[in-house]
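Asks: All chains, please: the whole structure from these sequences, using the hints.
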Amino acid sequence: MSKTVLIADDEPNILISLEYLMKREGYRVVVARDGQEALQAIRHESPDLVLLDVMMPHKTGFDVCQEVRADAGLQNMLIIMLTAKGRDTDIAKGKALGANDYVIKPFSTRELVQKVHDMLTGDA
Amino acid sequence: MLKRVISQHLIAVFAAGLVLLNFPLLMLWDKDIQVFGWPLPAFGLFLLWAVLIVLLAWIMESNGD
Amino acid sequence: MLSPILVIGVALAYLLILFAVAYYADRRAQAGHSVIDNPWVYALSIAVYCTAWTYFGSFGTAVSGGVWFLPIYLGPTLAMVLGWLVIRKMIRIAKTYRITSIADFIASRYGKSSLLAGLVTLITIVGIVPYIALQLKAVSGAYRLMTTPPGIGSGAAVSWWSDGTLYVALLLAGFTIMFGTRHLESSERHEGMVAAIAFESVIKLMAFLLAGFFVVYGLYDGFADVFTQAMAQQELKDLLSFTQNRTFPYTQWFSLTLLAMLAFIFLPRQFQVMVVENVDERHLRRAVWVFPLYLLLINVFVLPIALGGLLFFGADTVNPENYILALPLAQGYELLALFVFVGGLSAATGMVIVEVIAVSTMVCNDLVMPMLLKTRRFARRSGGDLTGLLLLIRRVAIIGILLLGYLYFHLAGEAYALVSIGLISFAAVAQFAPAMLGGMYWKGATRHGALAGLSGGFLVWIYTLMLPSLAKSGWMSQDFLNEGLWGLAMLRPEQLLGMSGLDNLTHSLFWSLFVNISLFVTVSLWRRPSAREASQALLFVDVFQRSPVTHPVFWQGQAQVHDLLQLTERFLGTARAQRLFTRYARESGLNDIEQVPADAKLVQFVETQLTGAIGSASARVMVASVVDEEPLELNDVMRILEEASQLRIYSQALEEKSASLEQATRELRAANQQLQSLDRLKDDFMSSVTHELRTPLTSIRALTELMLDDPQMEAEQRQQFLGIMVTETERLSRLVNQVLDMARIEAGHAEWHNSDVDMLEVISQAVNSIQATYREKGAALVVDAPAQVGTIRADVDRLVQVVLNLLSNAVKYVPDEGGKVIVRLQDEADGITVEVTDNGPGIDPQRQAVVFEKFRRVEDEDNDPGRQHKPGTGLGLPISRQIVEHFGGRIWLHSQAGEGACFGFFLPRQAQKNGGDNNEQNGTDCG
Chain A
1 MSKTVLIADD
11 EPNILISLEY
21 LMKREGYRVV
31 VARDGQEALQ
41 AIRHESPDLV
51 LLDVMMPHKT
61 GFDVCQEVRA
71 DAGLQNMLII
81 MLTAKGRDTD
91 IAKGKALGAN
101 DYVIKPFSTR
111 ELVQKVHDML
121 TGDA
Chain B
1001 MLKRVISQHL
1011 IAVFAAGLVL
1021 LNFPLLMLWD
1031 KDIQVFGWPL
1041 PAFGLFLLWA
1051 VLIVLLAWIM
1061 ESNGD
Chain C
2001 MLSPILVIGV
2011 ALAYLLILFA
2021 VAYYADRRAQ
2031 AGHSVIDNPW
2041 VYALSIAVYC
2051 TAWTYFGSFG
2061 TAVSGGVWFL
2071 PIYLGPTLAM
2081 VLGWLVIRKM
2091 IRIAKTYRIT
2101 SIADFIASRY
2111 GKSSLLAGLV
2121 TLITIVGIVP
2131 YIALQLKAVS
2141 GAYRLMTTPP
2151 GIGSGAAVSW
2161 WSDGTLYVAL
2171 LLAGFTIMFG
2181 TRHLESSERH
2191 EGMVAAIAFE
2201 SVIKLMAFLL
2211 AGFFVVYGLY
2221 DGFADVFTQA
2231 MAQQELKDLL
2241 SFTQNRTFPY
2251 TQWFSLTLLA
2261 MLAFIFLPRQ
2271 FQVMVVENVD
2281 ERHLRRAVWV
2291 FPLYLLLINV
2301 FVLPIALGGL
2311 LFFGADTVNP
2321 ENYILALPLA
2331 QGYELLALFV
2341 FVGGLSAATG
2351 MVIVEVIAVS
2361 TMVCNDLVMP
2371 MLLKTRRFAR
2381 RSGGDLTGLL
2391 LLIRRVAIIG
2401 ILLLGYLYFH
2411 LAGEAYALVS
2421 IGLISFAAVA
2431 QFAPAMLGGM
2441 YWKGATRHGA
2451 LAGLSGGFLV
2461 WIYTLMLPSL
2471 AKSGWMSQDF
2481 LNEGLWGLAM
2491 LRPEQLLGMS
2501 GLDNLTHSLF
2511 WSLFVNISLF
2521 VTVSLWRRPS
2531 AREASQALLF
2541 VDVFQRSPVT
2551 HPVFWQGQAQ
2561 VHDLLQLTER
2571 FLGTARAQRL
2581 FTRYARESGL
2591 NDIEQVPADA
2601 KLVQFVETQL
2611 TGAIGSASAR
2621 VMVASVVDEE
2631 PLELNDVMRI
2641 LEEASQLRIY
2651 SQALEEKSAS
2661 LEQATRELRA
2671 ANQQLQSLDR
2681 LKDDFMSSVT
2691 HELRTPLTSI
2701 RALTELMLDD
2711 PQMEAEQRQQ
2721 FLGIMVTETE
2731 RLSRLVNQVL
2741 DMARIEAGHA
2751 EWHNSDVDML
2761 EVISQAVNSI
2771 QATYREKGAA
2781 LVVDAPAQVG
2791 TIRADVDRLV
2801 QVVLNLLSNA
2811 VKYVPDEGGK
2821 VIVRLQDEAD
2831 GITVEVTDNG
2841 PGIDPQRQAV
2851 VFEKFRRVED
2861 EDNDPGRQHK
2871 PGTGLGLPIS
2881 RQIVEHFGGR
2891 IWLHSQAGEG
2901 ACFGFFLPRQ
2911 AQKNGGDNNE
2921 QNGTDCG
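Protein chains in written order, with this note's numbering: chain A, 1 to 124; chain B, 1001 to 1065; chain C, 2001 to 2927.
No lab work stands behind these hints, which were simulated from the structure alone.
Computed from a prediction, not measured in an experiment: that's the story for all the values here.
The C-beta atom is built at its ideal place from N, Cα and C for all residues, glycine as well.
A hint or two may mislead.
Across the chosen pairs, the derived CB separations fall in these ranges [what the hints assert, rightly or not]:
# : chain 1 : residue 1 : chain 2 : residue 2 : range
1 : C       : 2444      : B       : 1011      : 20 to 30 Å
2 : C       : 2704      : A       : 121       : 25 to 35 Å
3 : C       : 2477      : B       : 1008      : 31 to 41 Å
4 : A       : 121       : C       : 2710      : 44 to 54 Å
5 : C       : 2704      : A       : 46        : 31 to 41 Å
Replies: Shown next as structure tokens:
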């Protein structure tokens, strides 16, 4: 039974690369192009883990994260924030809003895969 | 600035009142006419007086502190 | 007729109500809620001006002279016009130096002279006694009318012990003592008394108006009816005109106005309520017009009542002064008559209470105390609380003054009309005008000048007005009236130096004021003022120019705190003195009375406090008796003044400095804030650049790693990834170029290759290079331009860059179906306008301001539902703006959310001097 990973990013090229990466690792992949879509996908597909970009139109990654954590049914969903803004304040904000981890762009695919793998197995 | 303007207004009203409420200008009212039942001389005096009060009230109350 | 018991009972009941009002006001004041701290109450208390003279006497004048009763009220009205200037200055001076009477005011101004204080008090007593007699006469007359059956004359002689007037006088004395001297606080306000006076003003106005309504609308059919009936009789018709069929005495009208104007300001009771009892200077602002209004109201019915009485009773049957009572009585309206009687009582008692309190304070402080202090034994006797003695003196003075009033009433009262008696008093207090006004506005006025002027004026007044009044009453031989003193016709008191043609009042007023002013001015000019006079003159005349801090203290010598404290205790009581000193110490920033330095400031403080209780002259003497003074020379005055003004300049400079420091602090704070916000901007910029750089890098790195990990990757997949990498690399280099471009333009290092540019060419270049993108998106691109336009001087590549920016910006936001962008070019005389309009979602007005800022793509701000994220560096529009502005043009955005956006720019044909041409040296000009 493969785990489901939701990838939310508004940059189509990043989406392509991440989709390829996660599929290669054997996960079921769902994609979303903005915050709104991401929330809908979270509700419908209930993914095990979300790779959540911060800077997205309609709803930022922070907003999405906050709403997920406010929903009692989604408490255990794993969230990894992706951001191109590497400021400490941004990281602290993400953590405070309940993200499980924080990855700064550009990232190493190997490390990201490792992180996702660890979190999903740790969870199991 | 403002205070000086008030002083000037007051002095002007005072001078006007002094002249208007004295002779010979009062003689202008000395006619055998009744206004609202009042003989003109008495009516004139009270009218001038009332106008003076209204002017004074206007000067003092419009320059709020 | 009413029973005497009833009338007396009502009068007593009214006085009790008055006392209750006073008691209530005192209690409220103690609780900290002053009743009289109110401009309306203040204005009503000033209406103590309207006495029995107004209430009864006016009819006498009206019946014999028509409108001649009016100058007495027009004068005060005119005085009030200047009240804000003159009376306010008196208030300020009196408050600053704790002056409590006219005598003290004049004495204090002229070097705290006890001689002057005594003289002013003497004039006041002599002058005011007839006025008090007037009130007694009015009250007793009214009482007799109320209680005597109609038809019986009131002339029956009565022995003095059965004369009600004496008892009225004694009753009023007792009442005044209760009001004014329950405790020694004349330096403070008589809250209760003022409240009672204001209350009385309301009662007397109401009673008067009620009587007026009764006569005009009850007895007659309105004003018109009264006047028409009166005009029907030739005598009354004459009465109502100014000329009255004889030569009009212009001068008397003017002199009456002038006299009333001066008396209104300088009557002791007016000084008491207007100046001493004033709570707040600002109350004057309203009082100056409310009081004249009160006067007008109380006078509206005088003429109708007088005429009504004349028509009703006929001439010479009833004393016109009693019309206001006689008319209701004759009609059987006894209750109304009783109320009117109470109104008259109000008018009389109000005047008597305030006047006698004011005069008794003067007698005590300015006449008796200085004499007591002169007796060495008294002055030496240290210790011993004198507050009881002060109260006793005042009480005796009150009784004495009222008895004098009664005496005058007995001597001269019956022969004279109320108004004539009052005018004698007016003329007496008018003598204070030169010394008072001169003292307030002329620094050169001296003590000798004031003494000479006052004495001269007073003597002339006695000779030309007072003595004739006594003579006419039969108490003196009338010979000197007719033949002059020692038979010299030149000295006839009412035709002095043979001056005839004036009525006796105008005559006396002219001569007394003439002598007064002449002596005052000449004697003042003759001698230089002494040091003390000069110092007081400065303090009085310039009272508005000094703040408490920079107040000069004209005193030098040695003193002991202990002595000063003991002195204060003697006159103010131990508790109050301790309180004052403790407060003084605290205000000087000290904990204890012992630490207070015995300097000039303390001496001044003690003297001011004592002035409130015993008058300035006595206070001066007492303070001098316990300290070791060095005599003050004129030079010292000048030196102290110099120091004070130095202090003032110093404190002004200090103030200015602190103001400029504050200004500097404010500027620094603003600059700091600006720096901080610039710093934040820079931080934001860096963060944005980082973001824009990292995003393509992310794709490139991820895809590279994927391909690296998987050498067996399908060719097609690999091809796609490589394609993406190329695009992202291009995006990166574009960004780097634009950031550099931006930086160069901002720093002014950009290269500009200026030539004569054809805007049509620019647009067609831009359109050609972006045509493909539009085709991909399926959007229409329409160019609307004239066939030919004039050239402008600019850099062609830069302009293409601008147009391209706008076009690529527009195509990002047009809808997928039916997208349309219009480029409009307008050629005008002064330049060219290009507008790019899209049919996209438009931009919110609030966000329009930021679109031209770096990295502020509209959707970044927060989530605009209309605009989706579109690829772009966020530098296109800012760079465009820089370029357009470089050529002296402007760029703008017009948009309504939901109705598309229109970006436009204007380029002037003649670039501004600081525009492109300046920088041409930096670049290569191809033109």
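Asks: Go through the numbered hints given earlier and state which of them the structure violates, listing their numbers in rising order.
Replies: 3, 4
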